[in-house]
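There are 2 protein chains.
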Amino acid sequence: MTYRPARRLADIEPFHVVELLTRARQLESGGHDIIHMEVGEPDFPTPEPIARAAIRAIEGGKTLYTQALGLPELRAAISTFYRERYGVAVPAGRIAITNGASGALNLAFAALANPGDEWLLADPGYPCNRHILRTYEGCPVSIPVGPESNFQPTPAMLRQYWTDKTAGLLVASPANPTGTLLTLAQIEALAATCRELQGHFIVDEIYHGLTYAPKEAPEGNETDAPTACAAGNDIWVINSFSKYFQMTGWRLGWMVIPETYVRDVEKLAQNLTLCPSTPAQHAALAAFEPETIAILEERRAEFRRRRDFLAPALEALGLRVTARPEGAFYLYCDCSALSDDSYTLARDLLEKAGVAATPGLDFGSNAPEKHIRFAYTTQIPRLAEAVERLGRYFGR
Amino acid sequence: MTYRPARRLADIEPFHVVELLTRARQLESGGHDIIHMEVGEPDFPTPEPIARAAIRAIEGGKTLYTQALGLPELRAAISTFYRERYGVAVPAGRIAITNGASGALNLAFAALANPGDEWLLADPGYPCNRHILRTYEGCPVSIPVGPESNFQPTPAMLRQYWTDKTAGLLVASPANPTGTLLTLAQIEALAATCRELQGHFIVDEIYHGLTYAPKEAPEGNETDAPTACAAGNDIWVINSFSKYFQMTGWRLGWMVIPETYVRDVEKLAQNLTLCPSTPAQHAALAAFEPETIAILEERRAEFRRRRDFLAPALEALGLRVTARPEGAFYLYCDCSALSDDSYTLARDLLEKAGVAATPGLDFGSNAPEKHIRFAYTTQIPRLAEAVERLGRYFGR
Chain W
1 MTYRPARRLA DIEPFHVVEL LTRARQLESG GHDIIHMEVG EPDFPTPEPI
51 ARAAIRAIEG GKTLYTQALG LPELRAAIST FYRERYGVAV PAGRIAITNG
101 ASGALNLAFA ALANPGDEWL LADPGYPCNR HILRTYEGCP VSIPVGPESN
151 FQPTPAMLRQ YWTDKTAGLL VASPANPTGT LLTLAQIEAL AATCRELQGH
201 FIVDEIYHGL TYAPKEAPEG NETDAPTACA AGNDIWVINS FSKYFQMTGW
251 RLGWMVIPET YVRDVEKLAQ NLTLCPSTPA QHAALAAFEP ETIAILEERR
301 AEFRRRRDFL APALEALGLR VTARPEGAFY LYCDCSALSD DSYTLARDLL
351 EKAGVAATPG LDFGSNAPEK HIRFAYTTQI PRLAEAVERL GRYFGR
Chain Y
1 MTYRPARRLA DIEPFHVVEL LTRARQLESG GHDIIHMEVG EPDFPTPEPI
51 ARAAIRAIEG GKTLYTQALG LPELRAAIST FYRERYGVAV PAGRIAITNG
101 ASGALNLAFA ALANPGDEWL LADPGYPCNR HILRTYEGCP VSIPVGPESN
151 FQPTPAMLRQ YWTDKTAGLL VASPANPTGT LLTLAQIEAL AATCRELQGH
201 FIVDEIYHGL TYAPKEAPEG NETDAPTACA AGNDIWVINS FSKYFQMTGW
251 RLGWMVIPET YVRDVEKLAQ NLTLCPSTPA QHAALAAFEP ETIAILEERR
301 AEFRRRRDFL APALEALGLR VTARPEGAFY LYCDCSALSD DSYTLARDLL
351 EKAGVAATPG LDFGSNAPEK HIRFAYTTQI PRLAEAVERL GRYFGR
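Those protein sequences? They're chains W and Y, same order as listed.
When we follow the working numbering, the leftmost residue of the first sequence carries the number 1, and every step to the right adds one.
When we follow the working numbering, the leftmost residue of the second sequence carries the number 1, and every step to the right adds one.
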């Protein structure tokens with residue numbers, strides 16, 4: 001048989017960082033110590049109350065299929081979470097439990113994207129988003145964003161890039177790779193523009209909960225980013241149990257769906273996935289307990305301390321943090337003063353400094369060669385060691 | 001905002017049986033006893049060694065992301081399973097771990113189906129398959145199958161339905177809703193025809209392991225259906241931990257991929273799902289242990305006893321089992337001697353006999369009104385009670 005993959009495969013890229021990771025593993029098995037700053041995964045284990053809830057469910061035989069949109073009690077718990085934590089009313093009936101935020105975005109684009117439709121996405125941005133869209137035959141259109149707009153699209157950019165073929169906009173707050181946030185006013189302005197232009201609006205909030213006050217603010221002063229759920233019930237909002245709740249491998253997320261589309265998403269979920277993981281859903285029921293939240297808030301404070309340590313340290317080395325990193329666990333650095341190709345730099349840092357970071361290439365085509373992402377998903381002593389190694393590498 | 005779902009939604013149907021289920025729950029909460037013969041889910045809990053392995057993994061903090069195609073040790077275990085149980089060599093590198101068999105089929109069609117491509121599927125068949133294909137903009141084309149070919153497509157049918165637009169064929173063995181099997185010779189003949197016509201060939205083997213000797217054969221004489229992996233390494237083979245391994249809610253399956261497409265599927269998995277559930281993968285490592293297999297084989301014998309009880313009992317009522325049900329846990333009955341509309345019949349059986357079954361409507365457009373599916377995922381005393389109730393309803 002001739003090799004004949006679907007045409008979309010030509011537009012879907014692998015994670016470029018995986019190549020570096022493979023090399024990192026080689027180096028490690030050869031006895032080298034590598035500091036991993038490329039990983040988009042919290043280094044904390046799943047909080048114990050969540051793990052215990054999973055074990056109870058498994059012991060109790062709660063491992064059968066659930067309804068396609070998830071356990072009613074988990075949907076209700078998320079609805080309560082929106083009310084109590086954000087003061088926003090989101091009915092449980094509009095909440096779908098999904099196979100991670102990835103599963104949510106798959107369902108959203110399956111429900112909304114027609115072949116040939118253009119969707120606007122910020123560049124740099126999380127690469128999977130445009131690839132998921134392409135899989136459902138939509139066309140991702142990049143809006144190049146930079147420090148001028150804190151790496152977020154603006155209504156003016158929307159109008160500039162909007163065409164007859166444009167079907168909608170996807171933004172992320174906190175954003176990956178930059179960690180920048182949108183204010184509620186900014187979300188409302190984007191939503192209003194989408195409404196005026198008759199486009200859909202999807203907001204990726206998977207790093208919600210991981211937002212930090214400015215370095216100057218006293219500790220314990222963290223506030224949550226505003227949720228797009230507060231900006232209109234016609235907005236699609238995606239969230240995850242992976243990041244703030246530290247349940248990465250469980251593959252669980254959720255999506256807030258505009259009322260009129262709930263039936264469509266349910267139909268798709270019935271057919272495409274049957275249901276999200278049942279043990280994971282039972283585990284997640286413990287995610288909103290005060291005991292769990294207390295653990296998560298301690299860890300959030302630790303992420304903030306890491307950011308506050310790492311950002312100035314990288315700046316001092318000439319790795320300019322041009323975004324305002326107020327969330328997630330990444331610093332997106334302009335490395336153009338030190339290298340004219342971030343991919344080569346990333347490879348060099350790995351080989352010569354034992355530090356793994358993610359080159360801009362993985363986040364789009366907006367000056368990727370000038371940027372490199374450092375994740376602070378590792379403890380401060382290791383971050384300090386990394387900074388020292390980078391200093392030696394750059395001759396500082 | 002105007003309601004504007006993607007056009008594909010018009011072609012994707014919900015599970016019609018869900019309406020009946022909602023009514024069943026109403027009746028049950030009103031104190032009525034309903035015998036559930038509509039459920040496509042084993043009534044056995046996940047075997048204890050599998051559950052224990054999951055708990056060990058969770059306690060050990062093994063809940064982080066895995067590689068996109070799954071844990072290397074689980075891929076290796078499946079490779080060993082193919083060698084030891086089927087005598088077929090399938091390298092671990094060709095095996096992808098997926099979010100259930102649904103996740104496997106999503107990846108297969110994402111990798112293979114171009115917009116407008118036609119794919120041939122047997123009708124009656126599992127409805128999600130054509131809806132997943134439609135989601136990736138392929139066009140499902142039904143091959144009506146009946147008792148003449150034991151509800152399986154033949155090479156002659158392939159030639160009859162093949163057009164310039166046809167990209168491939170999907171078959172299932174054991175099939176749902178009929179439980180019929182393909183012999184290795186039949187699989188080879190279909191594969192050869194696909195090769196000649198330059199089409200892809202996908203075989204759904206999610207009910208593998210649940211196959212039964214004829215009623216006359218002594219117990220304990222069950223043999224496995226042949227796997228399509230033995231018929232060529234250009235065949236895509238999908239399997240699941242849900243049915244034989246009784247891990248439904250864990251959402252874990254796998255796919256054997258032709259070598260040249262492994263990289264494509266990996267790229268897609270990286271972008272669309274990140275990885276399958278980590279606790280489920282660790283759980284599944286215990287699925288191939290002799291202790292687990294012993295439990296599963298006992299349960300398989302029980303399924304066979306149920307089939308051997310139920311099939312003649314339904315026949316005696318005039319519900320003709322025109323397929324040879326050698327696998328899965330379904331009997332697909334021709335009810336045309338008793339009713340001219342199986343959907344009305346299913347509703348009536350629920351209301352008046354307290355028996356829930358799935359009307360043909362859920363399996364395609366090939367005389368659905370004449371057919372109804374009974375699942376034997378409930379114990380023999382309950383099946384006997386159902387038969388009695390049906391007898392009273394039909395006045396036998």
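I should point out that these hints are in silico values taken from the structure, not numbers from a laboratory.
Hints should not be assumed to be uniformly reliable.
All copies of an identical chain are treated as equivalent in the list; a pair is satisfied when it fits inside any one copy or across any two copies.
Cut-off 20 angstroms, straight-line C-alpha distance, at most; resulting in silico cross-link-like pairs (EDC-like, lysine to aspartate or glutamate) [to be verified]:
#  : residue 1 : residue 2
1  : Lys215    : Asp348
2  : Lys62     : Glu48
3  : Lys352    : Asp308
4  : Lys352    : Glu219
5  : Lys370    : Asp334
6  : Lys62     : Glu41
7  : Lys370    : Asp308
8  : Lys215    : Glu302
9  : Lys62     : Glu188
10 : Lys165    : Glu48
11 : Lys62     : Glu302
12 : Lys62     : Asp348
13 : Lys215    : Asp308
14 : Lys352    : Glu385
15 : Lys165    : Glu315
16 : Lys62     : Glu19
17 : Lys62     : Asp43
18 : Lys62     : Glu118
19 : Lys62     : Asp341
20 : Lys165    : Asp334
21 : Lys62     : Glu222
22 : Lys370    : Glu148
The structure presented is a predicted model; accordingly, all values stated were derived computationally and were not measured.
(request) Tell me, in ascending order, the numbers of any earlier hints that this structure violates. (result) 1, 3, 4, 7, 9, 10, 11, 12, 15, 16, 18, 19, 20, 21
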